[in-house]
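Given the structure of chain V, go ahead and fit chain B onto it with the hints provided.
As given, the protein sequences belong to chains V and B, one line each in that order. Just so you know, the first sequence maps onto residues 1 to 358 in the numbering used here. Just so you know, the second sequence maps onto residues 1 to 263 in the numbering used here.
Possibly wrong hints are sitting among the right ones.
Unchecked claim - Covered stretches of chain V (in silico footprint by chain B; criterion: 3 or more residues with CB under 8 angstroms from a CB of chain B, positions within the stretch not fixed):
id, stretch
1, 71-83
2, 122-132
3, 275-288
4, 346-358
What the hints assert, rightly or not - Dumping the calculated DSS-like pairs for lysine-lysine here, alpha-carbon to alpha-carbon at most 27 angstroms:
id, chain 1, residue 1, chain 2, residue 2
5, B, K24, V, K28
6, V, K24, B, K24
7, V, K18, B, K24
8, V, K18, V, K28
9, V, K18, B, K85
10, V, K137, B, K24
11, B, K85, V, K257
12, B, K85, V, K24
13, B, K24, V, K326
14, B, K24, V, K2
15, V, K268, B, K85
16, V, K327, B, K24
17, V, K42, V, K64
18, V, K85, V, K142
19, V, K64, V, K2
Keep in mind the hints are simulated off the structure, nothing from the lab. It should be emphasised that the depicted structure is a prediction, and the values quoted were computed from it without experimental measurement. All residues carry an ideal CB built from backbone N, CA and C; glycine is no exception.
The primary structure of each chain is shown beneath.
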Amino acid sequence: MKPVAIAMLSLTHGHTRKYYQTLKENSKLRWVAVCAESAEIKRHFDSLGHGVPCYLDELEMFRKHPDIEAVVLASANQRHLAQMKLCAERGIHMLSMKIPSFDMAEYDEMIQLVAHHGVVCQIELELHYNPVVHRIKQLIQKDAIGPILGFQATNITLSPVWAFPWQGVPEVSYGRRQKLNTSDSRFRGGALCDHPHIFDMIRWMTKSDFESIYAEVGKNLRPDIEVEDVLMVAGKMRNGVTFLLDPSWSRLEERLKVPGPGWEVYPKRMEVNISVIGEKGTLMADCFGPNVYHNGAPNDRYTVQYTYFDEWIGMMDEFVACIREKKTPMINLPWHRRTIEAMNACYDSIECGQPVSF
Amino acid sequence: MHSILTRSPQVSSASDALRHLLEKYNITAPSGWTLALTPQDMDPHSIAFVSGTHLVQQNLTSTLLPLRPWREERRFIELRSIVEKQTVENVSLLRFRCFSPSQTETLKELLYREFDLCEWIGGGTITSLFSTITRDSVANIILRLSNGVVASIEASILQPTGSTRQDRHEVIASRGVTCDRVVDTQVAQESIYLFQSSNATVYTDTDAELFGFSADVITLIRAALRQCQSPIPIETLQAQHRHLAKVVDTAFQSAATNRRITL
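Isolated chain V, as found in the complex (with noise of 0.2 angstroms):
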């Protein structure tokens, strides 16, 4: 199989860093050109020695490799859709990070040029390669717990806002100014925009779509950012089962620039807990643990040191697979629109007070 030429564009996303190593390792992939959304994004790309060409002009990069066949939109929200633009009207292949867009209408206009240039968007969901989850729903296909009644997730984390700054823009994450509600002076675009893992996993652990959705926001944990950063959902899917998820940024972190040792205040910077209840039976699973554990160097803190970090390398296959083989893949703008109105749901809910039904 001939490798899949493949770019990166503006290396904004906090996740951009994770795919470097597959770029490089993956022989289904030949990695041409990265294009860096600053001069300041430039020079540390190039001084992590990768040996690939960074432009600064989008254009510039598309003209003289004209080879490129697919690109990582590793972009703020706000960024998607000109670029998606700029790919599809060439022909070019995307994996857009986890948000296109929180304006459906933009959203329906992704939806119709993917179409219309038959590329392949995928959307990079990367917990669905995380052999955890595999597992639960490989023992839920099984029926090792009965029909689902209950289900419980965590996606919480430290806030990356000091990292990658646009996460805490109301109008670069959530794509315009929305305050919360009208006695409210925070704005949309804050720990929910972070984390639509569970929104889409238990569509597909339920096999069922959202009837109605309950948000409620907490305080602020740092109060000097202009949106939300903790909050609960509860509600119910159409077949019954009962949900409690929480995507908050509840873990505190290091006000650092660039991610490294020492971000973490809490012991542990990230979890996805899933718990699911079933008529024959309960299973609680940690998609990312157990680990290891220290109290060393910087910050002589408990912290737990991750041990897997390997989805991208699935996500990537598949992307490789579904531009080859002219296949939709798992997690396509279609599909993802429900979890992205599911999210938008939240928002009403903490607007007007009550849950919102679909």
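What follows is chain B alone, placed relative to chain V:
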């Protein structure tokens, strides 16, 4: 349900899985290789990737590549990295424990692995040890590495049949402690607990590319892949094996003579 990680039919055996990864990452392997999951799988006429533990009581032939698959376990990679990068500084003690069922390994095999982990994570070679062993099943050992680090190993192969290995690897330094078990716990945690009756069924899956294989098979495949990717000469591998086998013998000798022995 759309399933991405289910192995394709051509990846139904460990050898097929290794072949698949070699192809995926464009890695060349020695011609005619075999992957020996058990001593019975070893073919004396072809290059055999095999765990060194299976060779602890056997003579080496020129085609046997004694690997140390546990070095592919992510928790050990991270523990070593924490020491190597001086996240914990000035290591003083290693406190290792491993209780296994005898159906899965002999005491010699268990000690072979734990001795290697002492050296690999501790960053020195074993220079002396004192050992007490009861009925070839239980051992308590204190050893010293060339860099002055002292280590203790609590070992047993008397865990009930069918139970999982219970181990713990703790590194104590003047700046910080690191461990593969969470603080205030005794037994290993798992990723998934499935409660269908009074006892939970547990699962810990760590490798998406090799999903469905047991942890021991996964690490052997990964070790073989690494050997193909960055080959270590067979003479070096066999010399390392002879060293570990000698440390194991020394442990039994120390127990028999009730003496601390310098290697």
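Now for the hints, and whether the structure bears them out:
Given a C-beta distance limit of less than 8 angstroms, the hint that chain B covers the stretch 71-83 of chain V is violated, as 0 residues qualify and 3 are needed. Requiring three or more residues with a Cβ within less than 8 angstroms of a Cβ of chain B, the coverage given for the stretch 122-132 of chain V holds, as 5 such residues are present. Under the rule that three or more residues need a Cβ within less than 8 angstroms of chain B, the assignment of the stretch 275-288 of chain V holds, with 8 such residues. Counting residues of the stretch 346-358 of chain V whose CB lies closer than 8 angstroms to any CB of chain B gives 0, which falls below the minimum of 3, so the coverage claim is violated.
Our distance criterion of 27 angstroms between C-alpha atoms is met by K24 (chain B) and K28 (chain V), whose separation comes to about 7 angstroms. Simply put, K24 (chain V) and K24 (chain B) have alpha-carbon atoms about 12 angstroms apart, close enough for the 27 angstroms limit, and the pair holds. Straight-line distance between C-alpha atoms of K18 (chain V) and K24 (chain B) comes to about 19 angstroms, which keeps the hinted pair within the 27 angstroms bound. Under the criterion of a C-alpha separation no larger than 27 angstroms, the hint pairing K18 (chain V) with K28 (chain V) is consistent with the structure, at around 17 angstroms.
Pair hint K18 (chain V) plus K85 (chain B) holds up; C-alpha atoms about 21 angstroms apart against a cutoff of 27 angstroms. Proximity of K137 (chain V) to K24 (chain B) is assessed by CA-CA distance (about 26 angstroms); at most 27 angstroms being required, the pair is judged to hold. Proximity of K85 (chain B) to K257 (chain V) is assessed by CA-CA distance (about 21 angstroms); at most 27 angstroms being required, the pair is judged to hold. For the hint pairing K85 (chain B) with K24 (chain V), the CA-to-CA distance comes to about 24 angstroms; that is within 27 angstroms, so the pair holds.
Of the supplied pair hints, the one linking K24 (chain B) and K326 (chain V) holds, its CA atoms being roughly 20 angstroms apart against a limit of 27 angstroms. Our distance criterion of 27 angstroms between C-alpha atoms is met by K24 (chain B) and K2 (chain V), whose separation comes to about 12 angstroms. A hinted pair counts as satisfied when its Cα atoms are at most 27 angstroms apart, and K268 (chain V) with K85 (chain B) qualifies at roughly 20 angstroms. About 20 angstroms separates the Cα atoms of K327 (chain V) and K24 (chain B), which keeps this hinted pair within 27 angstroms; it holds.
The hinted pair formed by K42 (chain V) and K64 (chain V) meets the criterion: a straight-line CA distance of about 17 angstroms does not exceed 27 angstroms. Between K85 (chain V) and K142 (chain V), the direct Cα distance comes to roughly 42 angstroms. Violation of the 27 angstroms bound is thereby established for this hinted pair. Simply put, K64 (chain V) and K2 (chain V) have alpha-carbon atoms about 20 angstroms apart, close enough for the 27 angstroms limit, and the pair holds.
Checked against the numbered hints given earlier, the structure breaks hints 1, 4, 18 and satisfies all the rest.
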